[in-house]
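Number of protein chains: 2
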Amino acid sequence: MAVYTEVSDSALAAFLDAYAIGTLLSYKGIAEGVENTNFFLHTTAGNFILTLYEKRVREADLPFFLNLMEHLARSGIACPQPVRNRAGTALGRLCGRPAVIVSFLEGVSVKEPGVDHCRALGGALAALHAAGRDFAMIRENNLSVGSWRPLFVQAEAQADTLSPGLAARTRVDLAYLEAAWPTGLPGGVIHADLFTDNVFFIGDTLSGLIDFYFACTDAFAYDLAICLNAWCFSADGRFHRDMAGALIAGYEAVRPLEPAEVEALPVLARGAALRFMLTRLVDWLDVPAGALVQPKDPREYDRRLAFHRQARGASDYGRA
Amino acid sequence: MAVYTEVSDSALAAFLDAYAIGTLLSYKGIAEGVENTNFFLHTTAGNFILTLYEKRVREADLPFFLNLMEHLARSGIACPQPVRNRAGTALGRLCGRPAVIVSFLEGVSVKEPGVDHCRALGGALAALHAAGRDFAMIRENNLSVGSWRPLFVQAEAQADTLSPGLAARTRVDLAYLEAAWPTGLPGGVIHADLFTDNVFFIGDTLSGLIDFYFACTDAFAYDLAICLNAWCFSADGRFHRDMAGALIAGYEAVRPLEPAEVEALPVLARGAALRFMLTRLVDWLDVPAGALVQPKDPREYDRRLAFHRQARGASDYGRA
Numbered sequence: 001m002a003v004y005t006e007v008s009d010s011a012l013a014a015f016l017d018a019y020a021i022g023t024l025l026s027y028k029g030i031a032e033g034v035e036n037t038n039f040f041l042h043t044t045a046g047n048f049i050l051t052l053y054e055k056r057v058r059e060a061d062l063p064f065f066l067n068l069m070e071h072l073a074r075s076g077i078a079c080p081q082p083v084r085n086r087a088g089t090a091l092g093r094l095c096g097r098p099a100v101i102v103s104f105l106e107g108v109s110v111k112e113p114g115v116d117h118c119r120a121l122g123g124a125l126a127a128l129h130a131a132g133r134d135f136a137m138i139r140e141n142n143l144s145v146g147s148w149r150p151l152f153v154q155a156e157a158q159a160d161t162l163s164p165g166l167a168a169r170t171r172v173d174l175a176y177l178e179a180a181w182p183t184g185l186p187g188g189v190i191h192a193d194l195f196t197d198n199v200f201f202i203g204d205t206l207s208g209l210i211d212f213y214f215a216c217t218d219a220f221a222y223d224l225a226i227c228l229n230a231w232c233f234s235a236d237g238r239f240h241r242d243m244a245g246a247l248i249a250g251y252e253a254v255r256p257l258e259p260a261e262v263e264a265l266p267v268l269a270r271g272a273a274l275r276f277m278l279t280r281l282v283d284w285l286d287v288p289a290g291a292l293v294q295p296k297d298p299r300e301y302d303r304r305l306a307f308h309r310q311a312r313g314a315s316d317y318g319r320a
Numbered sequence: 001m002a003v004y005t006e007v008s009d010s011a012l013a014a015f016l017d018a019y020a021i022g023t024l025l026s027y028k029g030i031a032e033g034v035e036n037t038n039f040f041l042h043t044t045a046g047n048f049i050l051t052l053y054e055k056r057v058r059e060a061d062l063p064f065f066l067n068l069m070e071h072l073a074r075s076g077i078a079c080p081q082p083v084r085n086r087a088g089t090a091l092g093r094l095c096g097r098p099a100v101i102v103s104f105l106e107g108v109s110v111k112e113p114g115v116d117h118c119r120a121l122g123g124a125l126a127a128l129h130a131a132g133r134d135f136a137m138i139r140e141n142n143l144s145v146g147s148w149r150p151l152f153v154q155a156e157a158q159a160d161t162l163s164p165g166l167a168a169r170t171r172v173d174l175a176y177l178e179a180a181w182p183t184g185l186p187g188g189v190i191h192a193d194l195f196t197d198n199v200f201f202i203g204d205t206l207s208g209l210i211d212f213y214f215a216c217t218d219a220f221a222y223d224l225a226i227c228l229n230a231w232c233f234s235a236d237g238r239f240h241r242d243m244a245g246a247l248i249a250g251y252e253a254v255r256p257l258e259p260a261e262v263e264a265l266p267v268l269a270r271g272a273a274l275r276f277m278l279t280r281l282v283d284w285l286d287v288p289a290g291a292l293v294q295p296k297d298p299r300e301y302d303r304r305l306a307f308h309r310q311a312r313g314a315s316d317y318g319r320a
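In the order they appear, the protein sequences are chains R and C. Note that the numbering used here has the first sequence beginning at 1, numbered continuously upward. Note that the numbering used here has the second sequence beginning at 1, numbered continuously upward.
Don't take every hint at face value.
Copies of the same chain look alike in the list, so a pair counts if it fits in one copy or across any two.
To be verified - SDA-like mimics (lysine to any residue), calculated; alpha carbons at most 20 Å apart, straight line:
| no. | residue 1 | residue 2 |
| --- | --- | --- |
| 1 | Lys55 | Asp218 |
| 2 | Lys111 | Phe195 |
| 3 | Lys111 | Leu12 |
| 4 | Lys111 | Tyr27 |
| 5 | Lys296 | Val282 |
| 6 | Lys111 | Ala11 |
| 7 | Lys55 | Asn141 |
| 8 | Lys55 | Leu91 |
| 9 | Lys55 | Glu35 |
| 10 | Lys111 | Thr43 |
| 11 | Lys296 | Trp284 |
| 12 | Lys296 | Glu35 |
Don't read these hints as lab results, they were simulated from the structure. Note that the structure is predicted; figures quoted are calculated from it, not measured.
Isolated chain R (complex conformation) (with noise of 0.2 Å):
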């Protein structure tokens, strides 16, 4: 939860001034987002959310989310529009920040989901990868097998004043899925971090995908790795097999997965563990003191690992 950046009043004005969305009746910054400061907009023609892009979204990178967002709202997504200023452009500049303001998605995000969202978040998984399917831009997964290696040589040293082993764990995990990285897998646009935050409902019907700054181009089936992992444990650990078949058997019904990505499926997930493992390392010990901004623990995802090195198949993960 964060504001990051302070915006005057001078401006917010004279931002909005070169967007066509009426007169701004009030705004409020939101204590939601690790990477980004997002302010809530409600004006005269509706409501809207002010988007300042921090250090940690290259610049170089935001017309890859900013065109596969309008791209996929065009396709029938349910997902934040940039909205284009006077002149015709979405990405403007705000505070020395690269800004844009997207469309406001009505929804809740679940914080406890059941096996219904998940069935509902595979269907969902499943119509975001074809309607990607035909985006013409392509960017390079930059957090998949490849870099995990270096993100864990930052944090080699100090992982097992973590959690004591978690260094030689993983150590076995990196050669192991370093070594047996499945290529060749169907593949297009991913979302790569569609957290139970990243998806709303409302009442139990999901209404919408947000928060596409992960997005690339890799394979369909780790996007679906990652979902059993952030939508399938609990905080604890505990696999629950039911809400994993759900979400398979939702995404099966609007897009079959192929025998190859059947297979691959425990490789995938539990390198999907390792990335958010990695990450979510690196960051708890580079934070600095006083930050804002709590870090996410990074042993949840050391316990979905030890799920996943035991996994045969893909019906230890509830596929029928």
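Model the placement of chain C on the given structure of chain R, informed by the hints.
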């Protein structure tokens, strides 16, 4: 900026079930307010603010605050209105904390107010004082002159670590103010914390007042003195006489000051500055490592005190 309390889906749903405010469409933690946890709620019935009261608000004071907001709203003051639940009560409980839903007030707070903002503020402050005259409840101002020495005692030993000579200056101010503090001035309900964050404008028009959680029963002119401090100085301590003159003129256009109030203005302004310097000082010295909230700088009020010490009369504050 802070969300101190995480609210689970099920707890929020159960809480909202008690209110006739439609279906929840979205809610977001607001990165504002250093005392309480605030969520923006959007439902099929409109926009609302959900506040969870954290430790600094005494639960026994909540009926005063909530009844006051209802009273003021009925009297035509634009302020948040507590929403009563189906049982007819405004004060509920959520996650072990007292919790209230209030109506959403449109408007934007100005960070860099000008003369016109100050004039409008003066008028709204006088209207607030007038509207509170027939409010039956009383809440003593527990941050008035009698509280300042106990606050100072907590901070005295460390005060000079923040600013050399601060302890000695404060001793002089305290002795002067305890001797000279006026009694018998016209009084009633005062807001007591009408900083720029708590006053909303749409365009140049004042649209409402929020955050009544310091409201109490005290001298009206002391409220004006708080506003002089909060609105008419730059952070570097520079006094803006034109803004102060407009604030007072705006106030007197609705409720002319009595001669005793005019005479008391310098001592009230000095007292108001000392009150905020002292509470900020105690917070500054008390802030734990890793705190979510950056404490406000007491030195801003030390600089204001330098001005107030040399002021000789209301004309030094721009009163015509």
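Can you list which hints this structure breaks, lowest number first?
Hint 1 alone not satisfied by this model.
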